[in-house]
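Protein chains: 2
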Amino acid sequence: MKRYRREDDNSYALGITLTFELLKYAPDRAKRVYIHSKMQDGESLEKLKALCKSLNVPMEYGDKPFNILSQKENCFCIGEFEKFSRPLSKDGSHVVLHNPSNAGNMGTIMRSAAGFGVTDLAIIKPAVDEFDPKTVRASMGAVFHLNIQTFDSFEDYSREYGDRNLYPFMLKGRETLSNLKFKKPFSLIFGNEATGLPDSFLNVGTGVLISHSDRIDSLNLPIAASIALFAATADDFR
Amino acid sequence: MKRYRREDDNSYALGITLTFELLKYAPDRAKRVYIHSKMQDGESLEKLKALCKSLNVPMEYGDKPFNILSQKENCFCIGEFEKFSRPLSKDGSHVVLHNPSNAGNMGTIMRSAAGFGVTDLAIIKPAVDEFDPKTVRASMGAVFHLNIQTFDSFEDYSREYGDRNLYPFMLKGRETLSNLKFKKPFSLIFGNEATGLPDSFLNVGTGVLISHSDRIDSLNLPIAASIALFAATADDFR
Numbered sequence: 132m133k134r135y136r137r138e139d140d141n142s143y144a145l146g147i148t149l150t151f152e153l154l155k156y157a158p159d160r161a162k163r164v165y166i167h168s169k170m171q172d173g174e175s176l177e178k179l180k181a182l183c184k185s186l187n188v189p190m191e192y193g194d195k196p197f198n199i200l201s202q203k204e205n206c207f208c209i210g211e212f213e214k215f216s217r218p219l220s221k222d223g224s225h226v227v228l229h230n231p232s233n234a235g236n237m238g239t240i241m242r243s244a245a246g247f248g249v250t251d252l253a254i255i256k257p258a259v260d261e262f263d264p265k266t267v268r269a270s271m272g273a274v275f276h277l278n279i280q281t282f283d284s285f286e287d288y289s290r291e292y293g294d295r296n297l298y299p300f301m302l303k304g305r306e307t308l309s310n311l312k313f314k315k316p317f318s319l320i321f322g323n324e325a326t327g328l329p330d331s332f333l334n335v336g337t338g339v340l341i342s343h344s345d346r347i348d349s350l351n352l353p354i355a356a357s358i359a360l361f362a363a364t365a366d367d368f369r
Numbered sequence: 132m133k134r135y136r137r138e139d140d141n142s143y144a145l146g147i148t149l150t151f152e153l154l155k156y157a158p159d160r161a162k163r164v165y166i167h168s169k170m171q172d173g174e175s176l177e178k179l180k181a182l183c184k185s186l187n188v189p190m191e192y193g194d195k196p197f198n199i200l201s202q203k204e205n206c207f208c209i210g211e212f213e214k215f216s217r218p219l220s221k222d223g224s225h226v227v228l229h230n231p232s233n234a235g236n237m238g239t240i241m242r243s244a245a246g247f248g249v250t251d252l253a254i255i256k257p258a259v260d261e262f263d264p265k266t267v268r269a270s271m272g273a274v275f276h277l278n279i280q281t282f283d284s285f286e287d288y289s290r291e292y293g294d295r296n297l298y299p300f301m302l303k304g305r306e307t308l309s310n311l312k313f314k315k316p317f318s319l320i321f322g323n324e325a326t327g328l329p330d331s332f333l334n335v336g337t338g339v340l341i342s343h344s345d346r347i348d349s350l351n352l353p354i355a356a357s358i359a360l361f362a363a364t365a366d367d368f369r
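Chains as they are written, first to last, in my numbering: chain A, 132 to 369; chain B, 132 to 369.
Everything labelled a hint here was simulated from the structure, so no lab data went into it.
No false leads were mixed into what you were given.
Identical copies look the same in the list; a pair holds intra-copy or inter-copy alike.
Below 30 angstroms or equal to it, Euclidean Cα-Cα: the simulated DSSO-like pairs (lysine-lysine) are: (1) K155 to K303; (2) K256 to K214; (3) K203 to K133; (4) K133 to K214; (5) K178 to K303.
The model shown is predicted, which means the values in this text are computed figures rather than measured ones.
With these hints in hand, go ahead and build the complete structure from the sequences.
Following this line, the structure appears as structure tokens:
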């Protein structure tokens with residue numbers, strides 16, 4: 132066992148809550164469950180054993196994987212899984228992340244997207260690893276129930292899924308979010324944390340601005356994406 | 132010089148951007164600016180020197196404070212400041228954080244609050260330190276232009292500022308956010324990251340629910356607070 136690297140075929144769900152999410156929402160990808168010697172006997176462990184048995188997922192006892200994979204002191208369970216890709220839904224709404232660079236941010240956006248019922252995520256490379264254990268953790272397991280597909284360029288995404296309402300979020304956007312009525316199916320498109328979307332997106336769909344006071348330079352990326360998700364799906368959650 | 136502790140009178144803005152925010156928005160609290168030997172000469176440093184001179188803030192050169200105060204490799208400037216408290220505005224709208232436990236989350240909420248023009252923050256103890264360097268950093272400097280006041284209990288806050296529209300955000304809230312028309316001045320009230328608001332808030336003002344799908348247990352706290360801030364101030368940013 133080695134430290135996780137992006138080129139590996141497998142990644143890890145750190146902690147028992149995440150491991151349950153893995154077994155529940157991506158059972159065919161679960162390879163193995165590691166249990167630390169400090170893991171307490173009890174209902175959770177019994178439930179986990181039963182679930183692993185029914186899914187035919189082997190359990191392994193020992194502390195070594197934890198020293199290698201986890202920095203957290205209270206992580207006593209790790210789920211190993213094979214990485215996967217699920218094609219996006221053609222007629223569902225999407226979130227599109229263009230060159231995202233932070234694993235925690237990507238995971239948080241996955242969590243919000245799942246929360247607002249947008250279950251398809253397109254990632255335009257270069258991008259941070261959607262299966263990095265940090266991404267998985269920040270997603271609180273949402274990574275296991277979203278459809279996630281990566282693309283080499285926005286053009287590639289557009290060619291496959293572009294026949295829809297495209298909303299790039301930009302400081303130069305012509306529409307303000309509070310005034311906009313979204314049409315479905317939509318794609319909410321967000322740029323990199325530091326640089327935003329390139330100007331080429333001025334020619335894509337309807338540019339949207341989240342207006343804010345001049346006391347801050349910008350909202351942070353997962354905040355902006357989550358506000359957009361809330362606004363775009365408000366009619367579904369009244 | 133020692134590591135920062137909560138009981139200290141002074142705290143630190145790590146990095147040059149934050150130090151500028153300090154000098155700009157809380158100049159009377161700035162005590163000293165530390166410069167690392169790797170700080171590059173150039174426009175920024177000249178501007179910083181001029182500003183410190185005009186504000187009578189001493190500059191100190193040397194690497195020692197950086198070894199003690201900063202874990203980041205690219206932090207070459209630190210602003211030391213005296214902690215302060217500014218009373219809240221009686222007729223402005225507020226964010227109220229009840230027992231928040233994470234410095235990064237608190238800072239992110241400060242940034243969003245400043246972004247949506249809600250410049251008053253009440254913190255109900257026990258709570259994480261609003262001047263922890265981690266809070267300061269996550270706030271991107273918003274901590275220097277908000278009015279922030281801490282209270283021993285919600286009753287204490289209520290006694291001083293309670294004559295307003297109170298909106299506790301709870302899973303048991305009766306109104307859904309998408310349907311609610313906020314009345315000003317308002318207080319948006321949020322509970323602890325793990326436990327939310329206690330049931331006693333069911334008797335306070337108008338309880339609000341941010342509806343979401345059952346694919347997630349909850350939204351993360353700064354996301355929920357920022358969505359609420361966006362919705363409550365939408366009319367100001369059309």
